[in-house]
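Given chain E, work out where chain H should sit, using these hints.
Chains E and H supply the protein sequences, listed in that same order.
Counted the way this note's numbering counts, the first sequence spans residues 69 to 277.
Counted the way this note's numbering counts, the second sequence spans residues 69 to 277.
For the record, the hints were derived by calculation from the structure and aren't laboratory data.
You may find that some hints are simply not true.
Chain copies aren't distinguished; within one or between two, either way the pair holds.
[As the list claims (entries may be wrong)] Listed below are the simulated BS3-like cross-link pairs for lysine-lysine, each with C-alpha atoms no more than 30 Å apart in a straight line:
hint	residue 1	residue 2
1	K130	K106
2	K105	K130
3	K209	K105
4	K106	K255
5	K209	K120
6	K114	K209
7	K209	K106
There are 2 protein chains.
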Amino acid sequence: MSNLVISQFMKTAAAADSREEVILNATDRLLARYGYKKMTIDDLAKEAGIGKGTVYLHFKSKEDVVLSHVDRIVRRLLDRQRAIIESDDAPADKLRQMLLLRVMFRFDSVQHYTESISEVLRDLRTGLLERRQRWFEEEAKVFAVVLREGQRAGEFRRHDALPTARTLIFATNSLLPFSLSTQELGKRREVEQVASRIAELVLEGLVSR
Amino acid sequence: MSNLVISQFMKTAAAADSREEVILNATDRLLARYGYKKMTIDDLAKEAGIGKGTVYLHFKSKEDVVLSHVDRIVRRLLDRQRAIIESDDAPADKLRQMLLLRVMFRFDSVQHYTESISEVLRDLRTGLLERRQRWFEEEAKVFAVVLREGQRAGEFRRHDALPTARTLIFATNSLLPFSLSTQELGKRREVEQVASRIAELVLEGLVSR
Numbered sequence: 069m070s071n072l073v074i075s076q077f078m079k080t081a082a083a084a085d086s087r088e089e090v091i092l093n094a095t096d097r098l099l100a101r102y103g104y105k106k107m108t109i110d111d112l113a114k115e116a117g118i119g120k121g122t123v124y125l126h127f128k129s130k131e132d133v134v135l136s137h138v139d140r141i142v143r144r145l146l147d148r149q150r151a152i153i154e155s156d157d158a159p160a161d162k163l164r165q166m167l168l169l170r171v172m173f174r175f176d177s178v179q180h181y182t183e184s185i186s187e188v189l190r191d192l193r194t195g196l197l198e199r200r201q202r203w204f205e206e207e208a209k210v211f212a213v214v215l216r217e218g219q220r221a222g223e224f225r226r227h228d229a230l231p232t233a234r235t236l237i238f239a240t241n242s243l244l245p246f247s248l249s250t251q252e253l254g255k256r257r258e259v260e261q262v263a264s265r266i267a268e269l270v271l272e273g274l275v276s277r
Numbered sequence: 069m070s071n072l073v074i075s076q077f078m079k080t081a082a083a084a085d086s087r088e089e090v091i092l093n094a095t096d097r098l099l100a101r102y103g104y105k106k107m108t109i110d111d112l113a114k115e116a117g118i119g120k121g122t123v124y125l126h127f128k129s130k131e132d133v134v135l136s137h138v139d140r141i142v143r144r145l146l147d148r149q150r151a152i153i154e155s156d157d158a159p160a161d162k163l164r165q166m167l168l169l170r171v172m173f174r175f176d177s178v179q180h181y182t183e184s185i186s187e188v189l190r191d192l193r194t195g196l197l198e199r200r201q202r203w204f205e206e207e208a209k210v211f212a213v214v215l216r217e218g219q220r221a222g223e224f225r226r227h228d229a230l231p232t233a234r235t236l237i238f239a240t241n242s243l244l245p246f247s248l249s250t251q252e253l254g255k256r257r258e259v260e261q262v263a264s265r266i267a268e269l270v271l272e273g274l275v276s277r
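So that you can see chain E by itself, here it is in the shape it has in the complex (with noise of 0.2 Å):
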């Protein structure tokens, strides 16, 4: 391919990326406004100012635009846990951070649409569970570097990485806003002071002494 080729398609696939996140960002938007049930593809086309053709050019259906917004959560998610891994802080206090981040970013991403996240976590379990174990598995091998790291340094007990990694996952994974109700969704503090809880029982089994 010429440059010029290749100049012409790095600029549709970064016009198509920004598409993407035009129609995601509306789709955070009508979540909190209207709800999934009620928000149709043609709501979401007039909110991110498109044709509708175009939303189905990058989005298979209403299911496919929203597990696509959990998805984009998810990828925000790891690149704030990358730039922990990146910090100069010590292994234990890194891991902290990470565990609490991975219940708290989640809670903060959906808590201006409280009422309509019961509806999406109804209508949409059966796609939800089927992502999750990628995400989580993505997740694990983020908490496997730090883990390495600590095990390194003497700061942490010897174990096989991504399997204590996993647990870990699983250990806080009853506070994502899947496993929690309305009522549960509304106290951010108590969601957070568990994972803390979580967060030191653990570690307190990790560190070498």
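For chain H alone, coordinates are given in the frame of chain E:
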């Protein structure tokens, strides 16, 4: 009340109890056979060998029957937990068994209707989430008993027993049927392995050294 009246009253209460049991046993079989959506109160009465009116004497609705069926699972689990507490095992062993049991007992109680369980969990999401808080609090109280026992024996570090018990509940809640996909519900061994790993990790954090 005369002894005769009391005795009559107790017989009536026992009969009501056993009729409830019969209805809940029928519920269990029908959930396995038809699933939640298809099951009707008519089917239930027929399966239990009683009149439809009798079902309504004990339960308000189909939702009420199924939630009471889950109530019974939790009640039976709590009986088993208390039996572990009564045993002569060391507190750490009791705690390990209790953590594993809270996951596996529920798993085994619903596994014969793996397919329809997703339906129940979707359609009864709100009702389940509301009852759950009461169940978990009951369980936390039972866990607190063994935590205090371990502290008195000098086996566990000093913690406020009830908050720590709640933390243990949350740390294993993601393995309850409510949070598992149909696929995960088919893999008993994997669920058991993750539950064991969480138990080991938190136990490392609890034991005093």
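Against the structure, the hints:
1. K130 to K106: Close inside one copy (11 Å) and across copies (27 Å); limit 30 Å.
2. K105 to K130: both (10 Å within a copy, 25 Å between copies)
3. K209 to K105: Neither, since 35 Å and 39 Å both go past 30 Å.
4. K106 to K255: within (26 Å within a copy, 36 Å between copies)
5. K209 to K120: neither (38 Å within a copy, 54 Å between copies)
6. K114 to K209: So K114 and K209 fail the 30 Å test inside a copy (39 Å) and across (52 Å) alike.
7. K209 to K106: Classified as neither; 37 Å inside a copy, 42 Å across copies.
The structure shown violates the earlier hints numbered 3, 5, 6 and 7.
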